[in-house]
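Peer 1: This is what each chain is made of:
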Amino acid sequence: MHLNRLTIYGFGHFHDRTFDLTAGLNYLLGANEAGKSTLTQFITAIFFGFPTKKHPALRYEPLDGSRFGGEIAFTQAGVDYLVSRTDGPHGGKVTLHDTTHDLALPAANLKRLLAPVDAQLFTSVYAINEPRLGTVFAASKQELIDRLRHVGAVGSDFWLQQAQHLEQAAETQYKPQGRNPLLNQQLRDHRELTAKLAKADAAYETYWQLLQQQQTLRNTQTATQQTLTHQRAVTEQVTQQAALWATYTEWQRLGSDEQAAVSGFTADDATRLEQLRGQVSASNQTLAQDQQHLQDLQQDAQLPPLFQAYLPVASQVDPLLMQLPEMTQTANEQQQLAASQQDLEARSAALEHQYAINGQMPRPFSLATTQQVTALQERLTAANQKRRRLQQQLNQLNERFQQQQPSRRQQRNPLADKQIIWLAIGLVVLVGSMFLPGTWFKLVGALLGVAIGYYGVFLVDSSTPASRELETLTADIRDSQAQLREGGQLVDDLNNQLDTIATAHGLGDLPVDQWSAAQGAIGEWEQLTRQLEDTGSRLAKAQQTVTTYLTQVTQALPTLTGEDLATIAPQLTQLQTLKQSLQHQEGDLATATARLKADQAAVDTARQQLNTFLSTRNLRSVAAFYQRYQAQRERTNRQQQRAALAEQLGDNLAALQQFANHAALTDQLAQAQAQQAATQQRLDQTTTQLATLAGQLAHLTASGTQATLRQKLANLETQMIATTQDWLVKRLTSQWIAATLAAASGDRLPQIVAQASNYYGKLTENRYTEIELTATTLRVRRAAGDWRDVSQLSRGTAEQLDLAVKLAFAVVLNQQVTMPLVIDDGFVNFDAQRRQAAYALLAEISQTLQVIFLTADPAVEQLAAGNLIRLHE
Amino acid sequence: MKFIHAADLHLDSPFLGLTGLPNSLLADVRQSTFTAATKIFDQALAQQVDFVLLAGDLFDRAEQSVAAQAYLFQQFDRLNQAQIPVIVSFGNHDYLADQHQTVAYPANVTVLGSTVTTKTLTLRDGETVAISGFSYPQRWVTSDPLPDFPAHAATDWHIGMLHGAVATGSADHYAPFTVADLLGKRYDYWALGHIHHRQLLNQEPPILYAGNTQGRAINETGEKGAYLVTSDHGQLHPQFFETAAVDWATATLDASGVTDLTALGTQLTTWLTAHPAPRPTLTALTVTHLALTASDLASLRQGDWLQLYLRTHARQLKAAQRYLVALTPAVASQPLAAPQLDQQYWDQGAQTVFTSENLQATFGKLAQEPVLADWFGQKTVSTTLQQQAEQILAELMGEEDHDAS
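Sequences listed follow chains C and G, in order.
Be aware that the first sequence starts at 1, since it is given in the UniProt record's numbering, and climbs by one per residue.
Be aware that the second sequence starts at 1, since it is given in the UniProt record's numbering, and climbs by one per residue.
In short, the hints are calculated from the structure, not lab data.
A quick note: this is a predicted structure, and the numbers were derived from the prediction, not measured.
Fair warning: there could be bad hints in the mix.
Stated by the list, open to error - Chain C residues, not near chain G, derived (Cβ > 10 Å throughout):
| id | residue |
| --- | --- |
| 1 | 9 |
| 2 | 247 |
| 3 | 325 |
| 4 | 379 |
| 5 | 451 |
| 6 | 529 |
| 7 | 537 |
| 8 | 538 |
| 9 | 548 |
| 10 | 640 |
| 11 | 787 |
Claimed, not checked - Under 7 Å between C-beta atoms, here's a sample of chain G residues computed to sit facing chain C:
| id | residue |
| --- | --- |
| 12 | 16 |
| 13 | 19 |
| 14 | 103 |
| 15 | 346 |
| 16 | 353 |
| 17 | 362 |
| 18 | 365 |
| 19 | 371 |
| 20 | 375 |
| 21 | 385 |
| 22 | 392 |
| 23 | 396 |
Claimed, not checked - Capping the alpha-carbon separation at 25 Å, the derived lysine-lysine pairs in PhoX-like fashion look like this:
| id | chain 1 | residue 1 | chain 2 | residue 2 |
| --- | --- | --- | --- | --- |
| 24 | G | 365 | C | 196 |
| 25 | G | 318 | C | 175 |
| 26 | G | 318 | G | 379 |
| 27 | C | 199 | C | 712 |
| 28 | G | 318 | C | 712 |
| 29 | C | 93 | C | 111 |
| 30 | C | 712 | G | 365 |
| 31 | C | 111 | C | 53 |
| 32 | C | 196 | C | 712 |
| 33 | C | 54 | C | 93 |
| 34 | C | 712 | C | 175 |
| 35 | G | 185 | G | 2 |
Even glycine gets a Cβ: it sits at the ideal position worked out from N, Cα and C.
Model the full structure from these sequences, guided by the hints.
Peer 2: Right, dumping it as structure tokens:
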């Protein structure tokens, strides 16, 4: 590429200036402040953009207010372009024009046309000025090498920058010695967490220990529990024994006054004694009773006055006494008869009242009379019935007759009175027939006339059926009336007969229909009358008997005179009882005396037996027996009690007998209790420990610290690995970029170094012959053969080295990149000889690429080659 | 005969690769290994099985978890009360260590010894079963344990228990065996443990890994559980049942046409609504066909955006029972093409940078951190690092390109 024309609209102190350039070497001569640096900046600005307004000094805005910017015409790969840039955003407004084909191109194409050269590369390699050459050595060796690498590989600046960014970013993630980078922090966290986890993991050992302890303790617990159970049993036994001590003492006491058993004082013996005593008292009692009985009998020998009256007439009274029950009965009967007589009288009086006429009771009918009356009555009834029937018939007939009567006249036959007419007609017909021709006809007509006359006189009856009936009725009525009258006579006859009978029997006016009942009453009355008579006779007889008896009694016993039978009878009965008891008394006394004797004997026997009973037992009294018996019984009771106690004590008895006294037992109990308490305490302790252990185990199990920490650690490790990976990738990418740049530059570097060595030799009049550039070193070889470090070079020589390298780079790169070389007063630190050498070198280089050399050195005017432009023109 | 074959309970082991879980989920996650194991023991009780086989890695001895131990005591006691025997062979994580042998598990638990032991059980129905196996005496068992296993015993059934991995020929630390050798023993069943992904090595007789009961990292996806094995006419039929309380899953979200993060959020919410999980599921989502700007992509990659999304969409996540543990934008690998630098230089650079020496040197002192060293030791790490570096470069190139144009 080469620039053909620079057109400045307004830039620095230039305005509306045009510089025509040639493809080869161009000298732009101007004194200081002529605008050399401005031009350099102009080319840079047009191609790569105006600096931002933050750096006004670099913008070179026109001082006179003319339009900021300009244009450059250049040729690239045989095509002419015109690029213009005026003030605007983002580095200015760019227009691009393909003048060869007269095409307006998008501004973006400019970059592509210039590629791979950018502002950075252009300013660092192609735009050479003294200060820039100087800065080379102010920088570190690494920077120089980077620069050289930058120089060595096209576009490497971007990559170097990226590599640097990556390194920086990597450093924020991890620095082997750092503290704050992410991975360092994470590593630190990791160590802390690991330590924590280790601490938590200690729980694992603790867990097993606890588990072991738990198992041991459980065993202990079981053993202790068994011991405790045993000791509890022991304690319980001893406690029981202690509780039984009183019983035991009692048992001992009961056993202490042991006596020999004596026979003859058993319960049976006592019973026997009681029996004997019972016998004694019973026989005594019988004796006393019998004595009393005897006394009673002797007292009863006193007699009442009636009995004394009786005694002389006993033979006379005795039969009467025998008759007494009979008499009593007779008296009773007498009373009954009296009652019966009264009743009968009342009934006959009632009947008399009903039927008697003038105090005379009617006479009863004989059987014949009864039959006659009955027959009369029947006939009377029949006659009456017939009369009623006839009467009814008559009434009916009368009624019918009444009904028929009014219609009698109308119902007469109309033909009955026409006998004359009928005769006349018959005569007419007879006569008429005579006029008929023929005998036969005359005969027949005559016969007919006779017949009609006969009919009229004889056959036609005047009486109609109705009149005939009326006549019958009248006959019937007359008949019935006759019969009625006949019946009436019969009834009267019958009634007369009956009245005759009534009068004969004194029935008076009693209606005939009551005759039958009256006959019954008459029969009854007659019977009652007979009974009355009978009863009266019996009563009289009984009264006779009783009176006779009383008379006899009164005769025998005059004290009873004037009293009736009812009063006498009990006195007689008493008398009789007394008489009988007196007869018994004789026997009773004898018996009583005999019994007294027997009783006395029984009493004696009983006493004897009792005494024997007592004497066999060496006893004087019953009380003594009972005393002994009581003693004996108490002893038996005690023995039973003792046996009961022994049973109650059971197995403990033997155990209790081991103890000397209560204190020993108490001691033993206290001991057992103490042991039990101790064991219990041990068990409690174990249980508590187990509970604590369980708590600790539960805590350990449930804490989740381990798991949490472990998961945290796992997460952290994930993050760490991610960070590390990221870090490594950045580092490696950075390395990769560096390696790639090295590789890329590595190809050209030998060429560049060789070319640079060649140029450096030319620039230093061959004082230095060789440049060595490696990744880490940059040194030069003197013609004498020794090596010099860059730091050992003089300023001028160092600048010459940089110039040589840059020129070499531009030349070598010219195969790919063609960019004009703009040198702005680059050789001020060169001596005249070396400056001439530099000019010569530029002329040589301008054969292959455009060189724009801006200088204040008028010596250039003398130079043969090149296009000279004076800035002041 | 009916029994349960489970393995790799990994009780109380932490979940890996999780940060910033919500508390509610964290509690579930922390309990999940227990919850899963409880399902096994519940199943044992519900089915009234004849015995339970636990083929190793019940817990991680190194974790020294009190909770895990207490839990085992408690659960074993439950089975003890139901008179269900438990046969345990410890594996590489819960290897037999003798320091705590004094405190024994309940009487129903048989812990197989460090050499192959055979336990014979007589079942309720009178059948007899011999169970042979061993516990790891330490972390590694490098020798083939098969020669120590006895021939089929004179019992009705013979079951082998083995915690280990099929021999690969090198670096076999976990009782290496071959399926042919297992078959050679003519057992009726091989209850295997150690591999967390359940798999059937042989159909008849069944030789199978029960897998772990609860996934604990994103590479342990899928159904997790144990086997209920029942006998039928002289054959054993394993039947899988699920136990996991929390699932892990990977999924891909096609985000074609999504050009900004807001749209991605909408798309993600739509996806969540369309893909509810049956139980809490920790999901790692890969987003394909993203066309985001570099800064958006960086935000996505650093996880800032996901964290914000998780915070603001808690309700939708809860409804879908999903929690996103990662959201990875898949960027199609493309050749690096820096305009100013030739591909060959990048390749040369990569060759000098991604050497194990340089990686080791760069890793530097971090190698002293065991966690990081373990991670760094993984084979895939260098590849991952290079891929990520490439992504960064690709993004930078885009930027550079953008600047240049």
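Peer 1: Hint by hint, note whether the structure agrees.
Peer 2: Structure-based check of all given hints:
no., hint, result
1, 9, "27 Å, holds"
2, 247, "50 Å, holds"
3, 325, "114 Å, holds"
4, 379, "129 Å, holds"
5, 451, "147 Å, holds"
6, 529, "127 Å, holds"
7, 537, "128 Å, holds"
8, 538, "123 Å, holds"
9, 548, "129 Å, holds"
10, 640, "59 Å, holds"
11, 787, "27 Å, holds"
12, 16, "6 Å, holds"
13, 19, "5 Å, holds"
14, 103, "5 Å, holds"
15, 346, "5 Å, holds"
16, 353, "5 Å, holds"
17, 362, "5 Å, holds"
18, 365, "5 Å, holds"
19, 371, "5 Å, holds"
20, 375, "5 Å, holds"
21, 385, "6 Å, holds"
22, 392, "5 Å, holds"
23, 396, "5 Å, holds"
24, 365/G <-> 196/C, "23 Å, holds"
25, 318/G <-> 175/C, "40 Å, violated"
26, 318/G <-> 379/G, "36 Å, violated"
27, 199/C <-> 712/C, "15 Å, holds"
28, 318/G <-> 712/C, "23 Å, holds"
29, 93/C <-> 111/C, "14 Å, holds"
30, 712/C <-> 365/G, "24 Å, holds"
31, 111/C <-> 53/C, "22 Å, holds"
32, 196/C <-> 712/C, "11 Å, holds"
33, 54/C <-> 93/C, "18 Å, holds"
34, 712/C <-> 175/C, "24 Å, holds"
35, 185/G <-> 2/G, "22 Å, holds"
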